[in-house]
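*Asks:* Please arrange chains B and C on chain A, whose structure you already have, making use of the hints.
Protein chains in written order, with my numbering: chain A, 220 to 643; chain B, 420 to 681; chain C, 0 to 601.
Hints should not be assumed to be uniformly reliable.
[Said to hold, decoys possible] List of simulated lysine-lysine pairs, DSS-like, C-alpha gap at most 25 Å:
{"hint": "1", "chain 1": "C", "residue 1": "Lys388", "chain 2": "C", "residue 2": "Lys303"}
{"hint": "2", "chain 1": "C", "residue 1": "Lys283", "chain 2": "A", "residue 2": "Lys541"}
{"hint": "3", "chain 1": "A", "residue 1": "Lys541", "chain 2": "C", "residue 2": "Lys154"}
{"hint": "4", "chain 1": "A", "residue 1": "Lys490", "chain 2": "A", "residue 2": "Lys471"}
{"hint": "5", "chain 1": "C", "residue 1": "Lys10", "chain 2": "C", "residue 2": "Lys25"}
{"hint": "6", "chain 1": "A", "residue 1": "Lys490", "chain 2": "A", "residue 2": "Lys529"}
{"hint": "7", "chain 1": "C", "residue 1": "Lys154", "chain 2": "A", "residue 2": "Lys535"}
{"hint": "8", "chain 1": "A", "residue 1": "Lys507", "chain 2": "A", "residue 2": "Lys490"}
{"hint": "9", "chain 1": "A", "residue 1": "Lys490", "chain 2": "A", "residue 2": "Lys473"}
{"hint": "10", "chain 1": "C", "residue 1": "Lys10", "chain 2": "A", "residue 2": "Lys535"}
{"hint": "11", "chain 1": "A", "residue 1": "Lys627", "chain 2": "C", "residue 2": "Lys155"}
{"hint": "12", "chain 1": "C", "residue 1": "Lys154", "chain 2": "A", "residue 2": "Lys553"}
{"hint": "13", "chain 1": "C", "residue 1": "Lys543", "chain 2": "A", "residue 2": "Lys624"}
{"hint": "14", "chain 1": "A", "residue 1": "Lys553", "chain 2": "A", "residue 2": "Lys541"}
{"hint": "15", "chain 1": "C", "residue 1": "Lys208", "chain 2": "A", "residue 2": "Lys541"}
{"hint": "16", "chain 1": "A", "residue 1": "Lys565", "chain 2": "A", "residue 2": "Lys499"}
{"hint": "17", "chain 1": "C", "residue 1": "Lys198", "chain 2": "A", "residue 2": "Lys553"}
{"hint": "18", "chain 1": "A", "residue 1": "Lys266", "chain 2": "A", "residue 2": "Lys473"}
{"hint": "19", "chain 1": "C", "residue 1": "Lys198", "chain 2": "C", "residue 2": "Lys13"}
{"hint": "20", "chain 1": "C", "residue 1": "Lys198", "chain 2": "C", "residue 2": "Lys388"}
{"hint": "21", "chain 1": "A", "residue 1": "Lys477", "chain 2": "A", "residue 2": "Lys293"}
{"hint": "22", "chain 1": "A", "residue 1": "Lys541", "chain 2": "A", "residue 2": "Lys624"}
{"hint": "23", "chain 1": "A", "residue 1": "Lys565", "chain 2": "A", "residue 2": "Lys507"}
{"hint": "24", "chain 1": "A", "residue 1": "Lys541", "chain 2": "C", "residue 2": "Lys155"}
{"hint": "25", "chain 1": "A", "residue 1": "Lys553", "chain 2": "C", "residue 2": "Lys155"}
{"hint": "26", "chain 1": "A", "residue 1": "Lys325", "chain 2": "C", "residue 2": "Lys283"}
{"hint": "27", "chain 1": "C", "residue 1": "Lys208", "chain 2": "A", "residue 2": "Lys553"}
{"hint": "28", "chain 1": "A", "residue 1": "Lys507", "chain 2": "C", "residue 2": "Lys562"}
{"hint": "29", "chain 1": "A", "residue 1": "Lys624", "chain 2": "A", "residue 2": "Lys637"}
{"hint": "30", "chain 1": "A", "residue 1": "Lys424", "chain 2": "B", "residue 2": "Lys467"}
{"hint": "31", "chain 1": "C", "residue 1": "Lys25", "chain 2": "C", "residue 2": "Lys208"}
{"hint": "32", "chain 1": "A", "residue 1": "Lys529", "chain 2": "C", "residue 2": "Lys208"}
{"hint": "33", "chain 1": "C", "residue 1": "Lys155", "chain 2": "A", "residue 2": "Lys535"}
{"hint": "34", "chain 1": "C", "residue 1": "Lys208", "chain 2": "C", "residue 2": "Lys198"}
{"hint": "35", "chain 1": "A", "residue 1": "Lys535", "chain 2": "C", "residue 2": "Lys208"}
{"hint": "36", "chain 1": "C", "residue 1": "Lys562", "chain 2": "A", "residue 2": "Lys529"}
{"hint": "37", "chain 1": "A", "residue 1": "Lys529", "chain 2": "C", "residue 2": "Lys198"}
{"hint": "38", "chain 1": "A", "residue 1": "Lys473", "chain 2": "A", "residue 2": "Lys507"}
{"hint": "39", "chain 1": "C", "residue 1": "Lys391", "chain 2": "C", "residue 2": "Lys50"}
To be clear, the hints were calculated from the coordinates, so they are not data collected in a lab.
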Amino acid sequence: MEMTSGKRARFNRLFNPVDGRAVCVAADHGWMSDPTPNVVELERILKQVVEGGADGILISFGTALRLGHILRGKNSPAMLIRADWMNMPRLGGSNVSNVLPAVNFKKIATSFATDALLVGASAITIYYFIGYGDEFERINLEQAALFARQCRQVGLPLIIEPMAVGGMVTGVNIAEILIASGRIAAEIGADALKIPYTGDVKTFKTLVEQAGIPVLVLGGAKSDVPRDALELVDEALQAGAAGTVFGRNVTKAKDPRKMVADICALVHGGKTISNILNEKRDGFFRLKTIPENCIGCRLCQIACERSHEKGYGQNKSRLQIKFPEIGDELCNFKPVVCTLCGKCVKACQPNALTISATGHLTLDREKCTNCSDCAIACPFDVILIDDEGFPIICDLCQGDPQCVKWCKQNAVVTVPLKKLPGRL
Amino acid sequence: MNFDVGKAVRMSDIIDAADGRGLIIDTTLSSVVGALPGLEDFATAIVKINQSCDGLIINPGQAEHHASLLGGKHRAAPIIRLDWTNAYRDETFCLPATEVKRLMISNAEDAFSLGASAVVASFLMGYGDDFEATNIQDLSFLARECYPLSLPLWIDIRTVGEKVSEINFEESIKLGASFMQELGADGLIIPQCLLATCRYVCEWMQIPVLVRLKQTPTAEQLSEIMHSGAAGAVLPESLFALSDYPQQVNELYFEIHQGRRA
Amino acid sequence: MSLTNRGYMNKLLKIDLTRQSVLSEKLDENVMQHFLGGKGLGTYLLYRGLKAHTAPLSPDNMLILAVGPLTGTNAPTSGRFCVMCKSPATGTISDAYCGGFFGSTLKYAGYDAIVISGAASSPIKIIIDNDNVSLEDASELSGEKVQQTNIALRKKYGEDIQSVVIGPAGERLSPISGMFSGVRTAGRGGVGAVMGSKKLKAIVVRGSKGVVVADREQFEEAVWIAHRALRMSSQIKRLKDIGTANIIKLVNAAGALPTRNFQLGQFDRTDDLSGEIWRQKYWKKDIACFGCPIACSKIAFSEKYRTTIDGPDYETIFALGTNCGVYDHEAIFYGNYLCDAYGVDTISVGNIIGFVMELFQRGLATRDDFDGIEARWGDGDALVRLIEKIGKGEGVGELLQQGVRAISQHFPGSEDFAMQVKGLEMPGYLPRAAKGIGLSYAISERGACHLRGSPLSEILGGAEPLTTSGKAALFKSNQLDSTVVNTLILCYFVKFGLTLKEIFQMVTPATGFDFQHPRDLEHIGERIITLCRMFNLREGFSNKDDVLPKRSLAEPLPSGPAKGQVVDLDTMRAEYYQLMGWDEQGVPKPETLDGLGLSEIL
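Bound conformation, chain A alone (with noise of 0.2 Å):
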């Protein structure tokens, strides 16, 4: 792709210049959405951006006069300006406290390019979107077009951003329209997209080649688990993006440095997400559960039984949610999970029931005789005898146990053991 010499050289200031790409956080939604923790907090919430070696900073005008001084120095992140002003957050979609709802979907364009020049962007980014009524996206594309025109002039690159939003657009369509848009945007002017991740590999990667300019995967709300943004990352980056736009995922992340600089280790650093999270467990560990935080949905048990048997249910998985008794109307669930006490290895005669070297239990089926004192010693009854008379014993899933994997509420999770039980 060809661009003027202006463009080009801000450009530069975004895109790592080794592997041309770039990880960039939006901080504008103070802008658009309530006033939450992370636009009151912002100014610290910057520094720690930059600290965690972001390559842009998407910001509103105001805030770059108050707070552009922050992204000053040559090896700091690029400053990209929001031109534009919606109200779609406040229509239900994203809000957090809905104050002063808005009920039509309303767009405008709010700085010129020039502005924007002024207090030292890199870029401009404004919406384009698609899908809520025909006079709405032609008032969109008029915009944008205005800002192609004016960014050619000046020198500075325009960041197109489509969204496919409206009732109209359905799992039906959504993947084409984002497709189409990009490449819409492409042809009116834009030099690189922030964009929404189409949900697979395979559409995000067609959007990507179609558009022939760089595209930035947006992360959109936040998730209560970071691996979710860094998966979004990883699948994007596997279709071709050029790197990420993420706001609230960063913004409001318990740490918005370590965040970045997860996802700069995933976008420049080559690592996996695996990798970055640490998520091999070292040393032995066993299964904790949080009882108060059980919504009581099972997933943990559903996921126990896929990994041991053929299907998927809740009869055969070695943990168990127990219903709220009778008489327990604030429904306190009860997740029973083996803690690895060893009572029933200590119970086994046979000697069939062992934890083995690598710190899981292991039956061996030869020399179990059916008996059921381990199902009988066990003090959570967590060990259930299957049609055979065999015992049903959590084997922590070969070390990665399911039912914690599938736990996002943390009701299950996995503390480490200094020191397995012994037989006596």
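*Replies:* Positioned in the frame of chain A, the structure of chains B and C alone reads:
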């Protein structure tokens, strides 16, 4: 012909000075419905034909990003499209249009700085009075803008509105051509129509007339059209879906320029 | 190729309560490919099995409980089941959905659907213990409230059973009664009465099998993505945090929050009724249905009544709250409690009481008509006392439990503000303030229904609420979407985080059906909706029944953002029929039936 010399020079990038004819290819529908078959990778597709046609209708974004592929000797001249419409979003598009819209996405000056040899915008006929009036207003302003820049303005007459029927189609083209010549267009693109209509319009107009083909034609079909007085043809985007489009363009160039190879 | 190990248990359980017979049969692969399960299967079975003009409360009516190919897997919200029958409230085909754990357990017991016909002569319950199905006497549970019935069943049959029961209202055949499973309800359309008419008090199920899918690896990947998409949706997060009540301020801001029997679209004490306040004062715990990461159920505890309920949800807050002008939390809480205990639908109950209050407002009724209760707007005490009457069916409750349409027949001049369509009371969105909602209430095959189409899409930024253009297309698209969701069966709320695309990605590897694109699922939705239409036409319904009460059509809204608005239904309805390939009378054209592959069935 009332061209000033600037316009004449630029016009000759598109309409060959030797034979007064030109073969043009349109690529701009991608700004309406996204990448079209064969045009997914714009640069790769263009490289295959940019030395075997006279002009390429292109959107401003692509003109900027692929400037090195266009213009210059023995290469297609960029004709930049300055308008956009959702009129072509039918049921085959993932989000069919329910209400027709159009807008200007750029202006003459911008196109000029992007290296345009000419600009093009559409006159969308048959959508009612308000629509027509604003369309004509935008095109008139554009004509006035192009004049001091000596930038040729092509008007793409599109009889796509619901008020155009099989019955009034041919006459609509004549009406559109008349309006656009009066408006100050430097060249017209008219829809493929009866040869008689084409001949009538071409004889009447004092500016070059290109015929926009519905599909990529055979050499014989093109020959007929050229004989009716057209200055050339505009091939639609569906061209790129053909497996042998580079050869076909070569053949059509040969036909238009009466035995001359690109 | 058999359907076993392709997300199906490949077994249909047929129980005839008159003959006390139990049969099981295999599913037809061709039928399942066309109808998938849930609502689709139920519609097919009803259309084929039910004679036209069968009286809804006669033994001949069929009561179908169905699950779908994703039920019991780790696909999000896969524990639900659907109940289908001919509705005693409307006389139309009717579908209602219920969360909890019954659906997944039924699947684990080895069934894709139960079809119950006939009627027992004395109270009975069905006990399904995997392959063993038995009918047991239920006299001891006769007249028991819902919670007590549940507890009794758990005590008798063990902790690992799931049950679906009716309360006293269902036994009394009230057309506003529902079926209950745990704290969840299949509320609408009077399915409780159909169960009651069969003298069936409870269905108990124990299941210990597993569900096997066709391509596990692909399915796993798709399910993981679906869960992730839900976690990355802020609307889902809002549902998680403060339940369905999160939208009350938005609906109020749009002027679409039905107030005082749909006279107004805004309620001045809305902030008091917001989810945030309920969270602060009442909600103690979030609980999830089977396989659901959302946990929209909020367990509320009232100090005053020393008891808990699951809720109130948005619809209940609207129905018992704003629609009656009530903002007394305790009254709404206790009203909800009573509805759950006696087994009636809160939406219908709130409509009934709002209607009664308007009768008082207009001087069309006196306290003598209502056992001495003077029902004035905002009177929480009157609300609770009337709900008690309805629940017990005592005194005027005998009339009230029949629903708004029946009551209005006793009060001449009240039809214009009897807020019902086809006999089903309206849910919590004001048609005049969101036109697509008007269309969806008028068209929905089970009567005024909020789960078919545009309501939320329109109020939550999907389109401009006050325009009519494009609303037919919007409704159609939303309706097909939710039909697919109801066919699989997932929860309506997954639509806040998932699209048909993610759902398609799960269904295809689960079933092994050769679906190429989400569009193929949409096509199934269209087939089901059209078959529902054919069912209703066969029952004698026509385009004349696709209407709204006069209030919605001709009474300009006096205030709020939609001031002066009425619903221009005719244009939207005509456009909708056309989009569906139905003629001007709303009858599907032969070529439409052909295109949907329905001709051979009909």
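*Asks:* Each hint needs a verdict: does it hold in this structure or not?
*Replies:* Structure-based check of each hint:
1. With a C-alpha separation of about 21 Å, the suggested pair Lys388 (chain C) and Lys303 (chain C) falls inside the 25 Å cut-off, and the hint holds.
2. The straight-line distance between the Cα atoms of Lys283 (chain C) and Lys541 (chain A) is roughly 19 Å, inside the 25 Å bound, and the hint therefore holds.
3. Between the alpha carbons of Lys541 (chain A) and Lys154 (chain C) the distance comes to roughly 15 Å, so the proposed pair stays at or under 25 Å and holds.
4. For the proposed pair Lys490 (chain A) and Lys471 (chain A), the alpha carbon gap of about 23 Å is at most 25 Å, so the pair holds.
5. For the hint pairing Lys10 (chain C) with Lys25 (chain C), the CA-to-CA distance comes to about 5 Å; that is within 25 Å, so the pair holds.
6. In summary, the hint linking Lys490 (chain A) to Lys529 (chain A) is not supported, as the alpha carbons are separated by about 33 Å, beyond the 25 Å threshold.
7. About 23 Å separates the Cα atoms of Lys154 (chain C) and Lys535 (chain A), which keeps this hinted pair within 25 Å; it holds.
8. The suggested pairing of Lys507 (chain A) with Lys490 (chain A) is violated, with an alpha-carbon distance near 30 Å, which exceeds 25 Å.
9. Between Lys490 (chain A) and Lys473 (chain A) the CA atoms are separated by roughly 21 Å; this keeps the pair inside 25 Å, and the hint holds.
10. Distance restraint check for Lys10 (chain C) and Lys535 (chain A): the Cα-Cα separation of roughly 22 Å lies within the 25 Å cut-off, and the hinted pair is therefore satisfied.
11. Proximity of Lys627 (chain A) to Lys155 (chain C) is assessed by CA-CA distance (about 34 Å); at most 25 Å being required, the pair is judged violated.
12. The suggested pairing of Lys154 (chain C) with Lys553 (chain A) holds, with an alpha-carbon distance near 18 Å, which does not exceed 25 Å.
13. Using a Cα cut-off of 25 Å, the hinted pair Lys543 (chain C) and Lys624 (chain A) is violated, with the two alpha carbons roughly 54 Å apart.
14. Proximity of Lys553 (chain A) to Lys541 (chain A) is assessed by CA-CA distance (about 5 Å); at most 25 Å being required, the pair is judged to hold.
15. About 18 Å separates the Cα atoms of Lys208 (chain C) and Lys541 (chain A), which keeps this hinted pair within 25 Å; it holds.
16. Our distance criterion of 25 Å between C-alpha atoms is broken by Lys565 (chain A) and Lys499 (chain A), whose separation comes to about 29 Å.
17. Between Lys198 (chain C) and Lys553 (chain A) the CA atoms are separated by roughly 35 Å; this puts the pair beyond 25 Å, and the hint is violated.
18. As the CA atoms of Lys266 (chain A) and Lys473 (chain A) are separated by approximately 14 Å, the hinted pair is consistent with the 25 Å bound.
19. For the suggested pair Lys198 (chain C) and Lys13 (chain C), the alpha carbons sit about 17 Å apart, so the restraint of at most 25 Å is met.
20. Only pairs whose Cα atoms come within 25 Å are accepted, and Lys198 (chain C) paired with Lys388 (chain C) is accepted, the gap being roughly 22 Å.
21. Taking the CA atoms of Lys477 (chain A) and Lys293 (chain A), the gap is near 22 Å; set against the 25 Å cutoff, the hint holds.
22. A hinted pair counts as satisfied when its Cα atoms are at most 25 Å apart, and Lys541 (chain A) with Lys624 (chain A) qualifies at roughly 20 Å.
23. For the hint pairing Lys565 (chain A) with Lys507 (chain A), the CA-to-CA distance comes to about 21 Å; that is within 25 Å, so the pair holds.
24. Distance check on the hinted pair: Lys541 (chain A) and Lys155 (chain C) sit about 17 Å apart at the alpha-carbon level, within 25 Å; holds.
25. A C-alpha spacing of about 21 Å is found between Lys553 (chain A) and Lys155 (chain C), which places the hinted pair at or below 25 Å, so the restraint holds.
26. For the suggested pair Lys325 (chain A) and Lys283 (chain C), the alpha carbons sit about 38 Å apart, so the restraint of at most 25 Å is broken.
27. Between the alpha carbons of Lys208 (chain C) and Lys553 (chain A) the distance comes to roughly 23 Å, so the proposed pair stays at or under 25 Å and holds.
28. For the given pair, Lys507 (chain A) sits about 57 Å from Lys562 (chain C) by alpha-carbon distance, which is inconsistent with the 25 Å threshold.
29. Restraint check for Lys624 (chain A) and Lys637 (chain A): satisfied, since their Cα atoms lie roughly 22 Å apart, inside the 25 Å limit.
30. A C-alpha spacing of about 24 Å is found between Lys424 (chain A) and Lys467 (chain B), which places the hinted pair at or below 25 Å, so the restraint holds.
31. Between Lys25 (chain C) and Lys208 (chain C) the CA atoms are separated by roughly 17 Å; this keeps the pair inside 25 Å, and the hint holds.
32. This hinted pair checks out: Lys529 (chain A) and Lys208 (chain C) have alpha carbons roughly 11 Å apart, not beyond 25 Å.
33. Pair hint Lys155 (chain C) plus Lys535 (chain A) holds up; C-alpha atoms about 23 Å apart against a cutoff of 25 Å.
34. Taking the CA atoms of Lys208 (chain C) and Lys198 (chain C), the gap is near 29 Å; set against the 25 Å cutoff, the hint is violated.
35. This hinted pair checks out: Lys535 (chain A) and Lys208 (chain C) have alpha carbons roughly 9 Å apart, not beyond 25 Å.
36. At most 25 Å may separate the alpha-carbon atoms for a hinted pair to count; Lys562 (chain C) and Lys529 (chain A) exceed this at roughly 59 Å.
37. The straight-line distance between the Cα atoms of Lys529 (chain A) and Lys198 (chain C) is roughly 39 Å, outside the 25 Å bound, and the hint therefore fails.
38. A distance of roughly 24 Å separates the Cα atoms of Lys473 (chain A) and Lys507 (chain A); the hinted pair therefore holds under the 25 Å criterion.
39. Of the pairs offered as hints, the one joining Lys391 (chain C) and Lys50 (chain C) is violated, with about 33 Å between alpha carbons and a cut-off of 25 Å exceeded.
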